[in-house]
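2 protein chains.
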Amino acid sequence: MNDSGVELLAADLSTDRLHAALRDPALASMNFLNEVASRFPEALSLAAGRPSEEFFDVDDLPRYLQIFCDYLAAEKGLDAERVRRTLFQYGRTKGIIHELLARNLACDEGIDVDPESIVVTVGCQEAMFLVLRALRTDERDVVLTVAPGYVGLTGAARLVDMSVRPVREHADGIDLDHLIEQIEAVRAEGKRPRAFYLVPDFANPSGASLELEDRQRLLAIAAEHDLLILEDNPYGLFQAEAGQRPPTLKALDPSGRVVYLGSLSKTCFPGARIGFVVADQRVAGANGESNLFADDLSKIKSMLTVNTPPVAQAIAGGKLLEHDCSLVKANTREIELYSRNLRLLLEGMDRRFPRGGDHQVSWNTPGGGFFVVVTVPFAADDAALEYGANKYGVLWTPMSHFYDGRGGENQLRLSVSVVSPDEIEAGLDRLAMLIADLSGKEASTH
Amino acid sequence: MNDSGVELLAADLSTDRLHAALRDPALASMNFLNEVASRFPEALSLAAGRPSEEFFDVDDLPRYLQIFCDYLAAEKGLDAERVRRTLFQYGRTKGIIHELLARNLACDEGIDVDPESIVVTVGCQEAMFLVLRALRTDERDVVLTVAPGYVGLTGAARLVDMSVRPVREHADGIDLDHLIEQIEAVRAEGKRPRAFYLVPDFANPSGASLELEDRQRLLAIAAEHDLLILEDNPYGLFQAEAGQRPPTLKALDPSGRVVYLGSLSKTCFPGARIGFVVADQRVAGANGESNLFADDLSKIKSMLTVNTPPVAQAIAGGKLLEHDCSLVKANTREIELYSRNLRLLLEGMDRRFPRGGDHQVSWNTPGGGFFVVVTVPFAADDAALEYGANKYGVLWTPMSHFYDGRGGENQLRLSVSVVSPDEIEAGLDRLAMLIADLSGKEASTH
Numbered sequence: 001m002n003d004s005g006v007e008l009l010a011a012d013l014s015t016d017r018l019h020a021a022l023r024d025p026a027l028a029s030m031n032f033l034n035e036v037a038s039r040f041p042e043a044l045s046l047a048a049g050r051p052s053e054e055f056f057d058v059d060d061l062p063r064y065l066q067i068f069c070d071y072l073a074a075e076k077g078l079d080a081e082r083v084r085r086t087l088f089q090y091g092r093t094k095g096i097i098h099e100l101l102a103r104n105l106a107c108d109e110g111i112d113v114d115p116e117s118i119v120v121t122v123g124c125q126e127a128m129f130l131v132l133r134a135l136r137t138d139e140r141d142v143v144l145t146v147a148p149g150y151v152g153l154t155g156a157a158r159l160v161d162m163s164v165r166p167v168r169e170h171a172d173g174i175d176l177d178h179l180i181e182q183i184e185a186v187r188a189e190g191k192r193p194r195a196f197y198l199v200p201d202f203a204n205p206s207g208a209s210l211e212l213e214d215r216q217r218l219l220a221i222a223a224e225h226d227l228l229i230l231e232d233n234p235y236g237l238f239q240a241e242a243g244q245r246p247p248t249l250k251a252l253d254p255s256g257r258v259v260y261l262g263s264l265s266k267t268c269f270p271g272a273r274i275g276f277v278v279a280d281q282r283v284a285g286a287n288g289e290s291n292l293f294a295d296d297l298s299k300i301k302s303m304l305t306v307n308t309p310p311v312a313q314a315i316a317g318g319k320l321l322e323h324d325c326s327l328v329k330a331n332t333r334e335i336e337l338y339s340r341n342l343r344l345l346l347e348g349m350d351r352r353f354p355r356g357g358d359h360q361v362s363w364n365t366p367g368g369g370f371f372v373v374v375t376v377p378f379a380a381d382d383a384a385l386e387y388g389a390n391k392y393g394v395l396w397t398p399m400s401h402f403y404d405g406r407g408g409e410n411q412l413r414l415s416v417s418v419v420s421p422d423e424i425e426a427g428l429d430r431l432a433m434l435i436a437d438l439s440g441k442e443a444s445t446h
Numbered sequence: 001m002n003d004s005g006v007e008l009l010a011a012d013l014s015t016d017r018l019h020a021a022l023r024d025p026a027l028a029s030m031n032f033l034n035e036v037a038s039r040f041p042e043a044l045s046l047a048a049g050r051p052s053e054e055f056f057d058v059d060d061l062p063r064y065l066q067i068f069c070d071y072l073a074a075e076k077g078l079d080a081e082r083v084r085r086t087l088f089q090y091g092r093t094k095g096i097i098h099e100l101l102a103r104n105l106a107c108d109e110g111i112d113v114d115p116e117s118i119v120v121t122v123g124c125q126e127a128m129f130l131v132l133r134a135l136r137t138d139e140r141d142v143v144l145t146v147a148p149g150y151v152g153l154t155g156a157a158r159l160v161d162m163s164v165r166p167v168r169e170h171a172d173g174i175d176l177d178h179l180i181e182q183i184e185a186v187r188a189e190g191k192r193p194r195a196f197y198l199v200p201d202f203a204n205p206s207g208a209s210l211e212l213e214d215r216q217r218l219l220a221i222a223a224e225h226d227l228l229i230l231e232d233n234p235y236g237l238f239q240a241e242a243g244q245r246p247p248t249l250k251a252l253d254p255s256g257r258v259v260y261l262g263s264l265s266k267t268c269f270p271g272a273r274i275g276f277v278v279a280d281q282r283v284a285g286a287n288g289e290s291n292l293f294a295d296d297l298s299k300i301k302s303m304l305t306v307n308t309p310p311v312a313q314a315i316a317g318g319k320l321l322e323h324d325c326s327l328v329k330a331n332t333r334e335i336e337l338y339s340r341n342l343r344l345l346l347e348g349m350d351r352r353f354p355r356g357g358d359h360q361v362s363w364n365t366p367g368g369g370f371f372v373v374v375t376v377p378f379a380a381d382d383a384a385l386e387y388g389a390n391k392y393g394v395l396w397t398p399m400s401h402f403y404d405g406r407g408g409e410n411q412l413r414l415s416v417s418v419v420s421p422d423e424i425e426a427g428l429d430r431l432a433m434l435i436a437d438l439s440g441k442e443a444s445t446h
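Sequence lines, in order, name chains A and B.
Following my numbering, the numbering of the first sequence begins with 1 at its first residue and continues without gaps.
Following my numbering, the numbering of the second sequence begins with 1 at its first residue and continues without gaps.
Mixed in with the good hints there might be a few duds.
Straight-line alpha carbon distances no greater than 25 Å define the calculated SDA-like cross-link-like pairs of lysine to any residue that follow [claimed, not checked]:
| hint | chain 1 | residue 1 | chain 2 | residue 2 |
| --- | --- | --- | --- | --- |
| 1 | A | Lys191 | B | Thr15 |
| 2 | A | Lys76 | B | Ser255 |
| 3 | B | Lys76 | A | Asp57 |
| 4 | A | Lys76 | B | Phe40 |
It is worth saying that the hints were derived from the structure and are not from the lab.
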């Protein structure tokens with residue numbers, strides 16, 4: 001052991017000499033949840049929010065690659081050497097499946113965008129980082145986000161030292177009056193509200209969606225208060241009943257205020273790590289010139305990951321091409337599975353906690369997506385989670401983990417994405433026993 | 001057109017309201033070089049530093065995937081469902097080919113590391129970002145880097161608003177006395193020199209390498225001055241003569257001061273976008289606990305890209321496995337090609353600019369890698385580059401682009417990585433004509 005070396009090194013590398021994001025409670029909270037799950041591997045998990053694994057097939061991968069290569073040759077007119085180069089070499093920073101993503105947005109979401117305004121990213125997480133990095137110039141820049149909200153947004157904000165201000169959700173979506181209050185409060189402090197982040201369809205963790213009128217009002221608020229909207233849409237395609245969902249904010253947006261964040265993690269598969277951002281805003285330069293906001297994001301990306309792995313893009317591109325660029329078509333089986341699971345979960349809750357009973361248990365009824373939020377008459381905290389995992393063999397997620405501060409203390413999130421019908425039934429039985437136990441009542445099983 | 005909306009938006013999104021990195025000259029400089037190359041597509045390029053494309057084969061990709069799946073099953077004991085999940089699902093933040101990379105470092109570089117200290121990243125660029133993000137806590141943290149140096153390091157530093165201080169190179173490598181001067185100057189300003197970044201083997205852009213004695217002295221300086229060393233090694237395997245290269249700093253490091261940055265872009269292929277960082281330092285926490293620095297980098301990665309695409313890792317992993325985890329073995333043909341090209345370039349320069357002539361042209365003789373630096377008796381600037389591209393059909397890189405400030409004004413970088421022997425000969429003929437023209441002499445062709 002080299003005394004001086006090791007001791008000096010230990011002095012240099014100590015947590016308080018590293019970036020503050022590493023001491024963020026959000027990180028500790030994710031670690032805690034993963035750690036509980038790993039300590040109770042036999043527990044039934046109504047916590048895991050990853051997509052279904054039922055339809056993954058390793059044999060698909062070479063076929064997707066081939067389909068994409070054929071597209072490069074047939075549609076883009078590349079010879080064999082340039083096809084090879086496209087997959088193997090460094091490439092376009094904004095990506096190589098931008099045209100396919102533009103087709104996808106047109107056919108599945110009614111969103112028409114110039115493919116040049118799309119930046120393909122390493123998951124949606126990188127897209128969030130790029131946008132927040134671009135917008136955060138100094139400590140006065142603030143991003144607003146729905147609470148309860150997606151921890152990834154908060155994490156990206158931490159990495160660029162950007163303040164996050166919460167906006168309340170209520171039973172029917174987002175409290176837009178609170179949004180206005182928060183915008184005004186931020187301005188009153190001499191700060192700049194730059195953007196409002198939300199998942200308008202079947203949000204994680206709440207499952208909530210924004211009504212059409214609220215979408216229109218939100219766009220008007222953004223215009224009036226000079227705010228960008230960051231619309232994240234990972235779950236939109238998984239509606240329980242086709243045709244019930246209002247258009248995306250991006251499709252409704254008259255003035256180009258919406259930056260659209262996309263993820264193929266749920267609609268293609270997470271292991272491709274393909275996300276994207278549509279940033280078709282114009283950015284005014286110093287000398288009367290202007291450029292696409294996407295090109296600024298691309299510059300940042302060139303300093304961060306250079307470009308999204310072309311081989312991963314090719315695999316996602318092949319899957320898109322195989323289904324005429326419709327992810328609705330590509331996800332016929334998944335949409336059916338998630339809808340069925342959501343229905344079974346809601347019916348199962350109805351049977352165990354009948355309306356009008358004295359159980360003091362309530363829940364929302366999302367129109368799609370992976371998640372349902374249950375309100376219980378006790379603290380649904382980390383201790384309750386561990387207690388239930390240990391005594392009843394069931395896992396769920398305390399909603400308090402989705403608040404950057406206080407909130408959700410007596411709520412829990414249930415997820416239906418990676419469970420079978422039998423597991424839903426058994427999981428709800430166990431959950432009902434836990435709820436009865438902690439409420440001091442007897443459980444009503446189905 | 002919505003007047004209020006569009007006008008307010010234009011006011012909000014203007015370059016001066018976006019992060020300062022977007023106004024960085026380094027970015028403009030890369031754009032300029034790419035733009036010149038695209039304006040003269042017929043010019044012979046001694047500028048492009050990407051790896052050779054000669055051995056890329058699309059048919060390799062499915063085989064690599066299969067080999068990696070077989071490894072998961074046979075060596076890691078995963079059943080078919082878990083193999084599928086490993087490739088398709090979200091996964092371990094630190095990556096899934098860490099054990100293969102550790103084997104590779106052991107067999108190719110004599111570096112022994114715990115696989116847990118490796119974080120697999122989206123190219124080496126993300127690895128640089130993770131390390132600088134961790135180290136930059138406030139405006140007093142400074143990173144030192146060799147000048148001329150790799151623009152990616154400066155780019156990553158810009159994204160975290162970290163000051164970069166240059167350290168001079170001289171003919172035999174790095175000016176370590178200047179390093180000490182710079183460390184002391186930084187401290188004298190009340191700032192903290194946190195790390196020194198360098199490429200000790202066949203650097204980009206200079207081709208220079210650090211002698212063994214200088215490596216040992218550098219490690220001693222780092223220990224004395226409480227500094228981390230960020231060792232980047234993308235070209236080390238491409239030595240012109242096997243066995244000539246001193247050990248890496250990481251292999252020589254007695255006290256764990258070296259954070260090792262790896263890239264498979266040149267040794268596997270760029271389109272996989274696989275890099276990694278070895279961070280086996282211990283970080284002291286608040287309450288007497290400690291953790292691997294790699295685990296802190298992993299936390300930052302979880303907020304940035306979540307994890308490196310498992311499908312891309314699987315492809316790189318398959319290539320590693322196919323060659324017993326030796327990238328020297330995997331690159332037999334490439335090593336031969338780059339060595340031959342480097343030799344041809346140096347011989348070609350010798351013939352055109354004989355020693356003792358009055359041409360005032362000199363160059364270094366790197367022991368490997370992709371790059372040679374030529375000193376000329378005129379300003380090798382952007383105007384000279386455009387002039388040469390237009391009049392003589394030859395491209396090269398002005399060395400001034402690799403300085404974050406002044407430097408390299410009469411030097412140019414030549415690259416041998418993507419040219420054939422004939423292109424080297426013809427390119428040097430054209431370059432000799434340009435040099436003669438701008439020196440006011442007659443060219444001596446081969």
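Quick rundown of the hints versus the structure:
| no. | hint | in the structure |
| --- | --- | --- |
| 1 | A/Lys191 <-> B/Thr15 | holds (18 Å) |
| 2 | A/Lys76 <-> B/Ser255 | violated (53 Å) |
| 3 | B/Lys76 <-> A/Asp57 | holds (19 Å) |
| 4 | A/Lys76 <-> B/Phe40 | holds (22 Å) |
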